[in-house]
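In order, the protein sequence lines correspond to chains Y and R.
Using the UniProt record's numbering, read the first sequence as starting at 1 and increasing by one per residue.
Using the UniProt record's numbering, read the second sequence as starting at 1 and increasing by one per residue.
Treat the hints loosely; a few may be bogus.
[Unchecked claim] Straight-line alpha carbon distances no greater than 20 Å define the calculated EDC-like cross-link-like pairs of lysine to aspartate or glutamate that follow:
id, chain 1, residue 1, chain 2, residue 2
1, R, LYS17, Y, ASP173
2, Y, LYS330, Y, ASP312
3, R, LYS17, Y, ASP329
4, Y, LYS403, Y, GLU124
5, R, LYS17, Y, ASP325
6, Y, LYS33, Y, ASP329
7, Y, LYS105, Y, GLU175
8, Y, LYS105, Y, GLU45
9, Y, LYS105, Y, GLU212
10, Y, LYS233, Y, GLU212
11, R, LYS17, Y, GLU76
12, Y, LYS233, Y, GLU256
13, R, LYS5, Y, ASP123
14, Y, LYS114, Y, ASP130
15, Y, LYS381, Y, GLU413
[Claimed, not checked] Stretches of chain Y that chain R covers, calculated by requiring three or more beta carbons in the stretch to come under 8 Å of a beta carbon on chain R:
id, segment
16, 206-215
17, 268-280
18, 285-292
Just so you know, the hints here were simulated from the structure itself, not pulled from any lab data.
Cβ coordinates follow ideal geometry from the N, Cα and C atoms, glycine included.
Here are the chains, one letter per residue:
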Amino acid sequence: MNYPDESTYGTKADIISTVEFNHTGELLATGDKGGRVVIFQREQESKNQVHRRGEYNVYSTFQSHEPEFDYLKSLEIEEKINKIRWLPQQNAAYFLLSTNDKTVKLWKVSERDKRPEGYNLKDEEGRLRDPATITTLRVPVLRPMDLMVEATPRRVFANAHTYHINSISVNSDYETYMSADDLRINLWNFEITNQSFNIVDIKPANMEELTEVITAAEFHPHHCNTFVYSSSKGTIRLCDMRASALCDRHTKFFEEPEDPSNRSFFSEIISSISDVKFSHSGRYIMTRDYLTVKVWDLNMENRPIETYQVHDYLRSKLCSLYENDCIFDKFECVWNGSDSVIMTGSYNNFFRMFDRNTKRDVTLEASRENSKPRAILKPRKVCVGGKRRKDEISVDSLDFSKKILHTAWHPSENIIAVAATNNLYIFQDKVN
Amino acid sequence: MEVQKEAQRIMTLSVWKMYHSRMQRGGLRLHRSLQLSLVMRSARELYLSAKVEAHEQTEVPSLPARSPDPRLHPLREAQAAAEAASPDGEQPCSEPMDTQEAPRAEETPARCTPHPAKVSRKRRSSSLSDGGDAGLVPSKKARLEEEAEEGASSEVPDRLQPPPAQAEGAFPNLARVLQRRFSGLLNCSPAASPTVSPPACEGKPACRPADNMLNVLVRAVVAF
Numbered sequence: 001m002n003y004p005d006e007s008t009y010g011t012k013a014d015i016i017s018t019v020e021f022n023h024t025g026e027l028l029a030t031g032d033k034g035g036r037v038v039i040f041q042r043e044q045e046s047k048n049q050v051h052r053r054g055e056y057n058v059y060s061t062f063q064s065h066e067p068e069f070d071y072l073k074s075l076e077i078e079e080k081i082n083k084i085r086w087l088p089q090q091n092a093a094y095f096l097l098s099t100n101d102k103t104v105k106l107w108k109v110s111e112r113d114k115r116p117e118g119y120n121l122k123d124e125e126g127r128l129r130d131p132a133t134i135t136t137l138r139v140p141v142l143r144p145m146d147l148m149v150e151a152t153p154r155r156v157f158a159n160a161h162t163y164h165i166n167s168i169s170v171n172s173d174y175e176t177y178m179s180a181d182d183l184r185i186n187l188w189n190f191e192i193t194n195q196s197f198n199i200v201d202i203k204p205a206n207m208e209e210l211t212e213v214i215t216a217a218e219f220h221p222h223h224c225n226t227f228v229y230s231s232s233k234g235t236i237r238l239c240d241m242r243a244s245a246l247c248d249r250h251t252k253f254f255e256e257p258e259d260p261s262n263r264s265f266f267s268e269i270i271s272s273i274s275d276v277k278f279s280h281s282g283r284y285i286m287t288r289d290y291l292t293v294k295v296w297d298l299n300m301e302n303r304p305i306e307t308y309q310v311h312d313y314l315r316s317k318l319c320s321l322y323e324n325d326c327i328f329d330k331f332e333c334v335w336n337g338s339d340s341v342i343m344t345g346s347y348n349n350f351f352r353m354f355d356r357n358t359k360r361d362v363t364l365e366a367s368r369e370n371s372k373p374r375a376i377l378k379p380r381k382v383c384v385g386g387k388r389r390k391d392e393i394s395v396d397s398l399d400f401s402k403k404i405l406h407t408a409w410h411p412s413e414n415i416i417a418v419a420a421t422n423n424l425y426i427f428q429d430k431v432n
Numbered sequence: 001m002e003v004q005k006e007a008q009r010i011m012t013l014s015v016w017k018m019y020h021s022r023m024q025r026g027g028l029r030l031h032r033s034l035q036l037s038l039v040m041r042s043a044r045e046l047y048l049s050a051k052v053e054a055h056e057q058t059e060v061p062s063l064p065a066r067s068p069d070p071r072l073h074p075l076r077e078a079q080a081a082a083e084a085a086s087p088d089g090e091q092p093c094s095e096p097m098d099t100q101e102a103p104r105a106e107e108t109p110a111r112c113t114p115h116p117a118k119v120s121r122k123r124r125s126s127s128l129s130d131g132g133d134a135g136l137v138p139s140k141k142a143r144l145e146e147e148a149e150e151g152a153s154s155e156v157p158d159r160l161q162p163p164p165a166q167a168e169g170a171f172p173n174l175a176r177v178l179q180r181r182f183s184g185l186l187n188c189s190p191a192a193s194p195t196v197s198p199p200a201c202e203g204k205p206a207c208r209p210a211d212n213m214l215n216v217l218v219r220a221v222v223a224f
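One chain only, chain R, in its complex shape (with noise of 0.2 Å):
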């Protein structure tokens, strides 16, 4: 609940940033939208995995039969596949300007949580197809909740490994606490290749879970 809380904290702290820096003179900056849509993510992987957590907890083990079984099926396969593979994990050649492991990690939890539904939903540029921006879009919240629930991924607090602890100083809880959700995201392994996905995710093998915020971002870079 803290982490969720802190990791709300950050994501909102980092959107007010963002638009707070579109206003200041000399414009948006790309190298500083980079960085905060960085943090956005790392912030909202973390609330996710939180809250998948805190419903792993709080639920009874056998999961409401809200999506159909067969889609669960694929995503347990690939996550087996997913911690078989070595923990070093191959890079994919097909997105080189990838930011390494951290995102294809945070990748294999948020695929975990495709909705059936989306994908017959066009996809825009704009994509909203991840409804993992919860903490931003507060209309998507409610679905999000769903999916977490729906979400086959038992495997993921199995994943989780206590690093080294480092806490210190003025924020020494979440210093820990983020550090520990954070190691347990990238020890997830990578090793998810694009051609393992889930059939339930979108049809693109080299998918990705938008950064809503970044779209809209880079969107403003490239109209600048």
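Bound-form chain Y, shown alone (with noise of 0.2 Å):
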């Protein structure tokens, strides 16, 4: 990974919650806390402005989930949007599903660059006019006008989940896709809102036995059958639609036997996996728990071929990360367009690639202090005892209060979205 590139946008708005390119990588998406979405669009390369190739300006921003009241159980539903995944695009217009944490919804986000004018019954303002005073008649026309894109709620998805859904994906056929909560995922057709399929259920006769929870899940990028779900516990069940209709048999289950110098208190804790991702080629999947991030082979269940410490400094600490929440924190893991480089994020804004094939890793910051528009990121070093050099950091000056739990990968090139708090970074690999 070469020198990369920022342009910062503030959102100025509630804590980001989602983020997540299109299949061209034109378009980005971010979700709050606020149920807002608001999408970004590269700019189209212009050779009087080399400079300004491909940065990313607001495209769009609308108001997707509101907050609802549960009447039947008291309850508040949140509108913080959970996920964003894109469908690809089939024709001038943009497909996106975004989920609060009961609702799902498909919006359509398209251009308007024409007007019609000229209603027979109505004025330029709207108003009906007097049908008396109508003396001739006319076609209306389209004419140009000031470029709007407007987005439009298409279907909503709701009643489906009792418990709070935690992931989205849309399946290889464009026409699916599944909703995950804490104990079902739920098949659904786009064009049908009033049903779904249950296809997977680990709810236990008697919740008093509950010992495991849903936390991710996403379908095999090329086979509309497959599909991979993690677990509260640590492991990572795949699934196939064509063996039965409620896919509670798993076809593989991934898991590694626990190290027991590692066991502690919390050890059950930070075993449950917060993200589970493919890798672009179907090949492998990616789970990210507290600590590490791991690289399973889909042809390998009893143990990862690649495991990598985020930030194994912090096991140390697990008790008043458990006293300030931050044990809870759900980190998300994204690929690169080739499969060669994975990233996620960890605390005091700071975000972590690792090289699979070089094995070399590298520890960036996302802060405007440190970083201004066209400046080079410096890798930053966490030192974990003994003597501080001038240019690290101690751990216990690292700000937990920083952390990036989201973070996406253009699908093609190198450019990153990197959301810090309520700040989206977009960092661009400038070769010249």
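Starting from the two chains in their separate frames, assemble the complex, guided by the hints.
Shown next as structure tokens:
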């Protein structure tokens, strides 16, 4: 990875809760705690302004979800957007799925650059005309107007989840998608909003026997019958929908035996998987738990093929991280376009990249103070013990309120989006 | 003592977090509740084992004749059987949703301290059948201390093995102590299969020390 270049966009809004590039990388969507979606679009390359090549500007902003109240259970339903997933583009409009804890919505984002003028029954402001005053008939014409991007909700998929939705995933058939909550996974058809198929149900008959919940789920990128889901116990199950209607029996079960020397009071919590992602090739899956990122080969279930330590220096601090709730943070992880580099976030606005081929890793920081537009990001280092060098930061100085939970990588280029609380940072690899 | 205090502090903290999470927008979160209850369970077991150890160290070898002898013998047998079994332990297949070794190991010391009077007590779904939640329910504390004295868990300290030291950082003592205690609990063989449970224990073969808070939580979830 060469020297990144930075453009910073402060959203001024609430805390960003999800970030996702679309399939071409032309658009970047963010969702926030306030239920809003902001979409950025990459500028077209222009010969006149070489330096502004490929910058992302705000394209559309809309309110996706509103706070709701479940009267039956006396519960407020948060409007926070948990996940956004794009559909591949099939016509001029863009489609994305956004979800909060209970409801998934399909949004259509389209451009309008023409406006009809010359209605017979309405005047220019849209007020109805008195029919008595109409003496001539004319055909309305389309006239150019300033570009307007509008977002309309096309489908609302509601009332299918008793527990909180943590994942959505679009199937490679582009006709179905799944939504997963703590105990169940449902399969939807995009056209049908009043029905969904339940394909995984791990709710025990007696809730007192509950020991495990679903934490993330994703469809295979090419095989529309295959999906995986991860659990709070650190296991991953791969299921084939052709085997049975209810995929309660997995086809493959991925679990690494626990290292007894690492056993501690909080072992169970930190082994919970917070994110699972298929590689673009479909050959590997990557999982993130509290301290590590692991890469698994689909053909080997008994252990991961690679394990990367994200911030192992926190292992001795688990008790205080439990006290300040940081131990429950759910970090995401992403692949680059060629599946050669993986990236995930950490604390102090640090994020980490691991090159799978060279086995090199780097820690970078997303902050205004340390970087200016077009500045080069400097690798950071956390000093674990002993003498601290000049540029290093000691573990005790880390700011745990500054966490990077959500990141995204452009599907084909070295452009990354990093969400640091309520700021979005976009870094580009500048090759001159 | 230090261990007990820390364990109790963590239990209290967990209870507070559990309560606080119910106040949050969006309501009770199942995953969070599960994680909190896991920590609480671990803390409780740690507290119990520490208490037992403390009493072991201060007590005269002959146990007070509070409990009938026949009850002690089956307990010792169960523990002998447990010790003799392979340390890897079998996963009793009757509990498919079990959280691997930890609760099974926790069961063994907990089962060592059943109160004879409890057997006749009617079982309720929100069972307080396990008197082991002393840290959470002050009124039960006295009973717990009785049981800890009676408990024939002399084997427990033997099984506490020092693990590789890993203590570092802000809580070196706690980390070391927790790791040592916890590893010790885990080294307690989990092989005490349900059928070998002492007769004084609750009648259900697949019984498990009911986690009071977990019960309250999951009932809340069921209603949810």
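| query | For the pair supplied as a hint, LYS233 of chain Y and GLU256 of chain Y, is the alpha-carbon distance within the 20 Å limit? | reply | holds, 11 Å
| Are 3 or more residues of the segment 268-280 of chain Y near chain R, judged by a Cβ distance of less than 8 Å? | holds (count 3)
| request: For the pair supplied as a hint, LYS5 of chain R and ASP123 of chain Y, confirm whether the alpha-carbon distance does not exceed 20 Å. | output: Violated, at roughly 78 Å.
| query | Are LYS381 of chain Y and GLU413 of chain Y close enough, with their CA atoms no more than 20 Å apart? | reply | Roughly 26 Å separates the two Cα atoms, so the pair is violated.
| task | Verify the proposed pairing of LYS17 of chain R with ASP173 of chain Y, using a straight-line Cα cut of 20 Å. | result | violated, 43 Å
| Are the Cα positions of LYS330 of chain Y and ASP312 of chain Y separated by 20 Å at most? | Satisfied, since the Cα-Cα distance of roughly 16 Å is no more than 20 Å.
| field | Pairwise hint evaluation, ASP130 of chain Y against LYS114 of chain Y, where the allowed Cα distance is 20 Å at most | value | Distance of about 27 Å is beyond 20 Å: violated.
| task | Given the hint that LYS233 of chain Y pairs with GLU212 of chain Y, test it: the Cα-Cα distance must not exceed 20 Å. | result | At roughly 6 Å apart (the allowed maximum being 20 Å), GLU212 of chain Y and LYS233 of chain Y satisfy the hint.
| said: Verify this for me: three or more residues of the segment 206-215 of chain Y with a beta carbon less than 8 Å from a beta carbon of chain R. | reply: holds (count 8)
| query | Is the Cα-Cα distance between LYS17 of chain R and ASP329 of chain Y 20 Å or less? | reply | holds, 15 Å
| message | Hint check: LYS105 of chain Y vs GLU45 of chain Y, CA-CA at most 20 Å. Holds or violated? | response | Measuring from Cα to Cα gives roughly 33 Å; hence the hint is violated.
| task | Examine the segment 285-292 of chain Y for residues whose CB is less than 8 Å from any CB of chain R, and state whether their number is three or more. | result | With 0 residues closer than 8 Å to chain R, the segment 285-292 of chain Y misses the three-residue bar; violated.
Hints 1, 4, 8, 9, 13, 14, 15, 18 from the list above are not met by this structure, while the remaining hints are.
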